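Participant: Residue strings, one per chain:
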Amino acid sequence: MKKSFLLAASAILLLSFVWIQEGLFHKPANFPDPVYNFTENRLKQETIDLGRALFYDPILSNTNTISCASCHSSYTAFTHVDHALSHGIFDSIGTRNSPALMNLAWQKSFMWDGAINNLDMQSLAPISHPAEMGSSIDSVVFRLKKTTLYPHMFYQAFGDSEITGERCLKAIAQFVLTLVSANSTYDKVKRGETAFTEQEEKGYYLFQQHCNSCHTEPLFTNGEFENNGLPVDSRLRDPGRAKITQNPSDSFKFKVPTLRNIEFSYPYMHDGRFKRLSDVLKHYGSGKLSSPTLSVHLINGISLSSEQRVDLIAFLLTLTDKDFLFETKYAYPNEIYSR
Amino acid sequence: MRYCLFFVAVMMVFRNVDAQNQRSPSIRFSHFWNNEQLFLDRPYSTGSDTITISKLKYYVSNFQLFKGQKLVWSEPNSYHLIDGSNKSGPEIKLNISDTMKYDHLVFIFGVDSLTQSGGVKGGDLDPTRGMYWSWQSGYIHFKLEGTCTTCHATDKEFQFHIGGYTYPFNTIRRLSWPVSPGENIEFSIDIEELLTKKLLPSAFHIMSPSVKAVAASHSIHFLKTEK
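Order-wise, the sequence lines are chains V and G.
If you count the first sequence from 1, position 242 lands on 242 in this note's numbering, and the numbers rise without skipping.
If you count the second sequence from 1, position 35 lands on 35 in this note's numbering, and the numbers rise without skipping.
Treat the hints as calculated values from the structure; they're not laboratory data.
In this text the structure is predicted, and so the values were computed from the model without any measurement.
Do not rely on the hints blindly, as some may be mistaken.
Not close to chain G: a few residues of chain V, all C-beta gaps over 10 Å, as computed [unchecked claim]:
id	residue
1	Asp120
2	Lys170
3	Gln246
4	Phe274
So the derived label-pair ranges between C-beta atoms look like this [what the hints assert, rightly or not]:
id	chain 1	residue 1	chain 2	residue 2	range
5	G	Thr166	V	Thr197	54 to 60 Å
6	V	Gly223	G	Lys67	42 to 48 Å
7	G	Ser85	V	Ile93	36 to 42 Å
8	G	Asn77	V	Ile299	49 to 55 Å
9	V	Ile93	G	Lys197	39 to 45 Å
10	V	Gln45	G	Lys197	54 to 60 Å
11	G	Val72	V	Ile299	44 to 50 Å
12	V	Gln45	G	Leu71	38 to 44 Å
13	G	Phe222	V	Gly223	46 to 52 Å
14	G	Trp177	V	Arg237	46 to 52 Å
15	V	Ser249	G	Ser74	20 to 26 Å
16	V	Glu162	G	Thr50	39 to 45 Å
Note that beta-carbon positions come from the ideal geometry of N, C-alpha and C, so glycine has one too.
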């Protein structure tokens, strides 16, 4: 028993060494181990390239107009700046704010309500949603087979040119797994490469006092579902997590989002109702939070002076990772499409 | 001479494999309407209503043979999508040695929860098979769709998508039957009884993991017949 455990452990160590060696996925030193199971979907540069090509290609949508990147732009931490709710084909408007994509290998569940249990399966949802891409994975496979580009890319990625749903989803997962943001000022401070300003330092102290229990370092989310006391939008009437569990004790709970790159991921909240960080902090400080399922961490509200709010925002801006935002290997794959 | 012996040895191995294959017991799935084989897209009169089944698909998985409490064989990558439009149905061959002793067969109705949460899979589990929910992770274990001409469904259509793999809406069922070695097995579902007695009296649409889906999963009965 012990022997087989040791054997398995050393195999896993060896495998993780291989990925790091190939430089395709790097676990930042201050991060925990990823939860994604890489052994079932071995990273390969050709597969990542394929995933990137699919991510930016509107061929995934029914009308050939909407790609993943339409709502997840690389320059804004892979979300849709200025749009409270997601957009889709025929100018449809969805019911939730598109989440920023980063550090997905550490995420246990996906979507604001945790409807999706594995990163591989995530892209099925926007592909099929009538107000997003309005397509289906089988019609995506059908369309890809007719192109000149993709059979060759599948050949390079998987060893033969067969296009399947499994392969499409694995490739997209591989690309988004590479979206690791861990080079913000905060990270550099943690690594001892730089120091916070006095104001950022004060803000960090406030953050640790008031925010860290849900937006837990270093991922700045605990991956759990919480009701943060937002008044229910009478038009959307979104039950949040309870839609999935059908358990009333989950009513109006939504996934705690990461705060990394929050400077660029506005508007905020599951329905994008707040445009500015100061609006968010005012909400938490208003003392008007009341709901039977309200997060225990918010029962007393977060009351901050206006000066403290400014300090806290100064800290939140240290979570911006410019290297991540402007990384060319995440951007529109012109070089792939023009091959 | 040496080569000759080698040749004979090889031939014997091949013959042996061949013999084994011939003796591999098989499992079939079939579907009935009023004691006769069910055909899709054929109108069936139930007296007060005319029912046409347009789609019947479901997963059976994790086939295992036991001798008493002891597991003696499990099929590798054992996931099978049974399609009612395929008249003979896929035949599941048990690739076992003819000397193997076993006394019961176990399989799962649906797809096990470990596989459900383990990321995307290919073959019969590929999401292009139309048996995976896109808005919420999970396989549709059983899909039965069709029309009823005089029923109260507003669109005269019924759709039963039975799935769910976590408590309290777990629709996975582990099924066990006594079998004897070498026996060819046929499982059948009486679709008429299922639809007219169990499903339609309570709903026209079940589309998500729910209390109704769990109840429906318990009303799907496999009858075992020896061929």
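Participant: The structure should be examined with respect to each hint, and the outcome stated for every one.
Facilitator: Status of each hint after checking the structure:
1. Asp120: violated, 4 Å
2. Lys170: Check fails; 6 Å does not lie beyond 10 Å.
3. Gln246: Not fine: 7 Å to the nearest Cβ puts Gln246 (chain V) too close to chain G.
4. Phe274: holds, 26 Å
5. G:Thr166 / V:Thr197: 54 to 60 Å: Since the Cβ atoms of Thr166 (chain G) and Thr197 (chain V) sit about 47 Å apart, the hinted range of 54 to 60 Å is violated.
6. V:Gly223 / G:Lys67: 42 to 48 Å: Between Gly223 (chain V) and Lys67 (chain G), where Cβ atoms are some 44 Å apart, the hint holds.
7. G:Ser85 / V:Ile93: 36 to 42 Å: holds, 38 Å
8. G:Asn77 / V:Ile299: 49 to 55 Å: For Ile299 (chain V) against Asn77 (chain G), whose Cβ atoms are near 50 Å apart, the range 49 to 55 Å holds.
9. V:Ile93 / G:Lys197: 39 to 45 Å: Holds: the Cβ-Cβ distance is about 44 Å, inside 39 to 45 Å.
10. V:Gln45 / G:Lys197: 54 to 60 Å: holds, 57 Å
11. G:Val72 / V:Ile299: 44 to 50 Å: violated, 57 Å
12. V:Gln45 / G:Leu71: 38 to 44 Å: At 41 Å between Cβs, range holds.
13. G:Phe222 / V:Gly223: 46 to 52 Å: violated, 40 Å
14. G:Trp177 / V:Arg237: 46 to 52 Å: Given about 48 Å between the Cβ atoms, the range holds.
15. V:Ser249 / G:Ser74: 20 to 26 Å: violated, 39 Å
16. V:Glu162 / G:Thr50: 39 to 45 Å: holds, 42 Å
In this structure, the earlier hints numbered 1, 2, 3, 5, 11, 13, 15 are contradicted, and the remaining ones agree with it.
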